[in-house]
Amino acid sequence: MTEPLLQIQGLSRSFHVGGFRSRGVLHAVDEVNFDVNAGEIVALVGESGSGKSTIARVLAGIYRPSNGSIIFEGRPLTNRSNRSARGQMPMVFQDPFGSFNPVLRAAHGLLRSLALHCPELNAAQRKNEAVRLLEKVGLSPGADVLTRYPHELSGGQRQRLGFAQALSSHPSLIVADEPVSMLDVSIRIGLLNVMKELRDDEGVSMLYITHDLASARYVADRMVVLYAGMIVEEGRIDEVIRSPQHPYTRLLMATAPDPRLAPSDLGSDDLGEPPKVINPGPGCRFAPRCPLVSERCLVATPAMVQITPTQRAACIEAKAE
Amino acid sequence: MNAPILSVRNLTVEYTTPAGAARAINDVSFDLAEGEFLAIVGESGCGKSTLLFAIAQLLSYPAETVAGSVFFKGVDLVSLSAEDLRRHRWRDISVVMQSAMNAFNPILTIEAQLADACRAHTDWNGKKIAARSAEVLGMVAIDAVHLKSYPFQLSGGMRQRAMIAMALLLEPKLVIMDEPTSALDVVAQRSLMRQVQTLRHELGFAVLFVTHDMSVVSHFSDRLAVMYAGEVVELGATRGVFDHPQHPYSQGLMDAFPSLVGDYRQLTGIPGAPPSLIAPPPGCHFADRCPCVFDECRVTKPDLIDKDGYEVRCHLVHRKANS
Numbered sequence: 001m002t003e004p005l006l007q008i009q010g011l012s013r014s015f016h017v018g019g020f021r022s023r024g025v026l027h028a029v030d031e032v033n034f035d036v037n038a039g040e041i042v043a044l045v046g047e048s049g050s051g052k053s054t055i056a057r058v059l060a061g062i063y064r065p066s067n068g069s070i071i072f073e074g075r076p077l078t079n080r081s082n083r084s085a086r087g088q089m090p091m092v093f094q095d096p097f098g099s100f101n102p103v104l105r106a107a108h109g110l111l112r113s114l115a116l117h118c119p120e121l122n123a124a125q126r127k128n129e130a131v132r133l134l135e136k137v138g139l140s141p142g143a144d145v146l147t148r149y150p151h152e153l154s155g156g157q158r159q160r161l162g163f164a165q166a167l168s169s170h171p172s173l174i175v176a177d178e179p180v181s182m183l184d185v186s187i188r189i190g191l192l193n194v195m196k197e198l199r200d201d202e203g204v205s206m207l208y209i210t211h212d213l214a215s216a217r218y219v220a221d222r223m224v225v226l227y228a229g230m231i232v233e234e235g236r237i238d239e240v241i242r243s244p245q246h247p248y249t250r251l252l253m254a255t256a257p258d259p260r261l262a263p264s265d266l267g268s269d270d271l272g273e274p275p276k277v278i279n280p281g282p283g284c285r286f287a288p289r290c291p292l293v294s295e296r297c298l299v300a301t302p303a304m305v306q307i308t309p310t311q312r313a314a315c316i317e318a319k320a321e
Numbered sequence: 001m002n003a004p005i006l007s008v009r010n011l012t013v014e015y016t017t018p019a020g021a022a023r024a025i026n027d028v029s030f031d032l033a034e035g036e037f038l039a040i041v042g043e044s045g046c047g048k049s050t051l052l053f054a055i056a057q058l059l060s061y062p063a064e065t066v067a068g069s070v071f072f073k074g075v076d077l078v079s080l081s082a083e084d085l086r087r088h089r090w091r092d093i094s095v096v097m098q099s100a101m102n103a104f105n106p107i108l109t110i111e112a113q114l115a116d117a118c119r120a121h122t123d124w125n126g127k128k129i130a131a132r133s134a135e136v137l138g139m140v141a142i143d144a145v146h147l148k149s150y151p152f153q154l155s156g157g158m159r160q161r162a163m164i165a166m167a168l169l170l171e172p173k174l175v176i177m178d179e180p181t182s183a184l185d186v187v188a189q190r191s192l193m194r195q196v197q198t199l200r201h202e203l204g205f206a207v208l209f210v211t212h213d214m215s216v217v218s219h220f221s222d223r224l225a226v227m228y229a230g231e232v233v234e235l236g237a238t239r240g241v242f243d244h245p246q247h248p249y250s251q252g253l254m255d256a257f258p259s260l261v262g263d264y265r266q267l268t269g270i271p272g273a274p275p276s277l278i279a280p281p282p283g284c285h286f287a288d289r290c291p292c293v294f295d296e297c298r299v300t301k302p303d304l305i306d307k308d309g310y311e312v313r314c315h316l317v318h319r320k321a322n323s
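Residue numbers (our numbering), protein chains in the order written: chain A, 1 to 321; chain B, 1 to 323.
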């Protein structure tokens with residue numbers, strides 16, 4: 001097997017919280033290991049507060065990891081990585097309204113990125129490439145869209161522009177942080193289809209960060225479920241959806257709204273929230289909300305159990321098939 | 001069925017724009033029975049939030065109610081003066097805004113903000129206000145210690161529940177909710193919806209709920225209205241609309257979100273964008289995006305026709321019904 005495109009090994013990121021003298025340490029991400037292979041969409045799923053955006057920010061170089069390493073295309077990403085590595089891993093942000101400069105036309109970000117990352121192109125070629133990228137993400141006619149200001153584009157169009165901009169450096173991996181959660185349901189699907197097309201046509205890998213399991217199932221190949229900064233389950237998407245092993249994955253599945261289910265299939269009442277992981281003790285972090293909790297859960301953090309060659313879960317109740 | 005507590009009749013709202021008047025709400029009529037949960041769904045720009053604001057009479061320039069009436073318990077809110085409206089607000093009708101993050105004042109405690117609403121609309125003393133504040137927070141499963149908390153100390157889900165507690169302070173007969181779940185993730189969303197449902201059964205208030213994500217309300221609302229470009233295109237019992245959507249737009253919406261159950265299928269969503277509200281097309285507003293459009297759709301506008309309490313605005317459906 002070829003080497004994965006991105007390997008995240010033992011990644012931790014903690015934050016000092018509280019006042020100057022406080023010893024509180026918030027473990028936003030704790031000992032996370034997973035890979036993203038070439039030409040693959042991996043969904044990183046979890047509630048707000050689960051640490052999924054922290055991982056994205058570490059990848060984007062906004063935060064430094066407290067511990068662990070990120071190996072991208074066989075080379076470790078160091079604290080001050082060069083521009084080419086960052087260009088290979090652009091981000092698409094959640095808020096299509098806040099992530100563009102309102103006084104600059106759509107052409108600005110695209111052409112600038114092309115000038116930086118594809119210095120071999122001349123001005124006319126850059127323009128042609130920008131038009132090609134826009135049409136690739138379904139914004140046509142591209143030449144017309146180039147002259148628009150962000151306020152002249154709808155939320156869905158802006159998010160497509162975000163993907164075009166990400167594509168302009170010919171990346172091998174796009175980190176998409178909840179790209180559809182602020183869009184209307186009727187246009188979400190269009191954008192998810194764009195993500196699948198980019199994977200199939202341009203061979204781009206994606207890390208798709210979301211809390212919506214149904215959209216993850218629609219677009220992704222593999223899924224990593226995070227809870228309170230730790231991976232609780234990982235596997236091929238069809239496997240995890242068919243037989244979720246961790247009770248938290250089951251909770252997420254039960255709460256996904258789906259009108260196709262009969263009302264009697266509603267999940268249990270759960271008012272819990274992921275804990276703020278400040279100075280965590282031993283034991284499973286999901287234990288306070290877990291319906292299957294037993295004394296063993298409170299003593300030690302459950303180890304990852306390999307269920308099948310491609311699925312693993314961190315729960316003492318999970319068993320290999 | 002109970003007598004309607006709210007009757008909206010031919011309500012029409014226009015926004016003044018430099019290019020002319022944009023008709024955001026066109027001739028909308030519906031009834032809401034006491035204790036009923038009516039959900040209004042549609043994409044952004046379809047006028048659903050404007051409709052809520054028009055019903056609560058919260059519109060301000062450039063929006064204006066140009067025709068129609070909103071009867072609340074027989075009183076037409078459109079014709080009331082500001083002072084008369086104030087007497088109805090919060091006591092009879094309360095509003096839960098979309099983003100609880102911004103709806104609370106960040107520099108006041110929850111307690112101070114609940115007390116403010118009480119003082120504005122009642123002559124309760126401090127003791128009564130404190131007792132009632134603790135009581136409503138308890139209803140939404142927030143511990144009374146959070147009365148002393150500032151909004152930033154609560155999580156998103158708790159803040160949204162605190163908003164609902166505030167809306168219930170004076171036991172209104174109607175609670176208007178504008179996308180209260182859209183800033184929450186799925187787990188918090190589901191628990192909020194369940195809580196609204198439980199409280200509604202206990203306290204008997206009616207709910208008018210606006211959302212763009214119809215899957216959120218699928219298990220909770222009694223009736224569902226689908227809006228498109230300022231008009232109601234389909235209105236009926238929620239399960240009826242979900243199981244057999246008749247308008248091509250509702251069918252498209254139903255097909256727009258992926259599912260966790262069943263076989264994997266490729267979805268398309270609804271390509272295209274809604275028409276301009278300043279100069280809408282002469283025929284059906286949905287004609288340009290409709291997969292089953294025919295000649296008549298581009299010429300005459302279909303009427304909203306009521307058949308056994310189920311209303312649809314579509315030439316195709318009417319033609320099938322007549323043949």
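FYI, nobody ran anything at the bench for these hints, they're computed from the structure. Just so it is clear, CB atoms sit at the ideal spot from N, CA and C, and this is done for glycine as well. Possibly wrong hints are sitting among the right ones.
Not close to chain A: a few residues of chain B, all C-beta gaps over 10 Å, as computed [claimed, not checked]:
no., residue
1, V78
2, S191
3, G252
4, I278
Cβ-Cβ distance ranges computed for the label pairs, FRET-style [what the hints assert, rightly or not]:
no., chain 1, residue 1, chain 2, residue 2, range
5, B, A273, A, P76, 38 to 48 Å
6, B, L58, A, P309, 35 to 45 Å
7, A, H151, B, T268, 19 to 29 Å
8, A, A320, B, G138, 15 to 25 Å
Hints versus structure:
With a cut of 10 Å on Cβ distances, V78 (chain B) stays outside the contact zone with chain A, its closest approach being about 29 Å. Taking the minimum C-beta to C-beta distance to chain A, about 5 Å, the non-interface status of S191 (chain B) is violated against the 10 Å cut. A cut-off of 10 Å between C-beta atoms contradicts the statement that G252 (chain B) is not in contact with chain A; the least separation is 7 Å. For I278 (chain B), the requirement that its beta carbon stay farther than 10 Å from each beta carbon of chain A is met, with the minimum near 16 Å.
Separated by about 46 Å at the C-beta atoms, A273 (chain B) and P76 (chain A) satisfy the suggested range of 38 to 48 Å. Between L58 (chain B) and P309 (chain A) the Cβ separation comes to about 58 Å, which falls outside the hinted range of 35 to 45 Å. Taken as a hint, the range 19 to 29 Å holds for the pair H151 (chain A) and T268 (chain B), whose Cβ atoms sit roughly 27 Å apart. For A320 (chain A) and G138 (chain B), the hinted distance range of 15 to 25 Å is not satisfied, since their beta carbons lie about 46 Å from each other.
Checked against the numbered hints listed earlier, the structure breaks hints 2, 3, 6 and 8; every other hint is satisfied.
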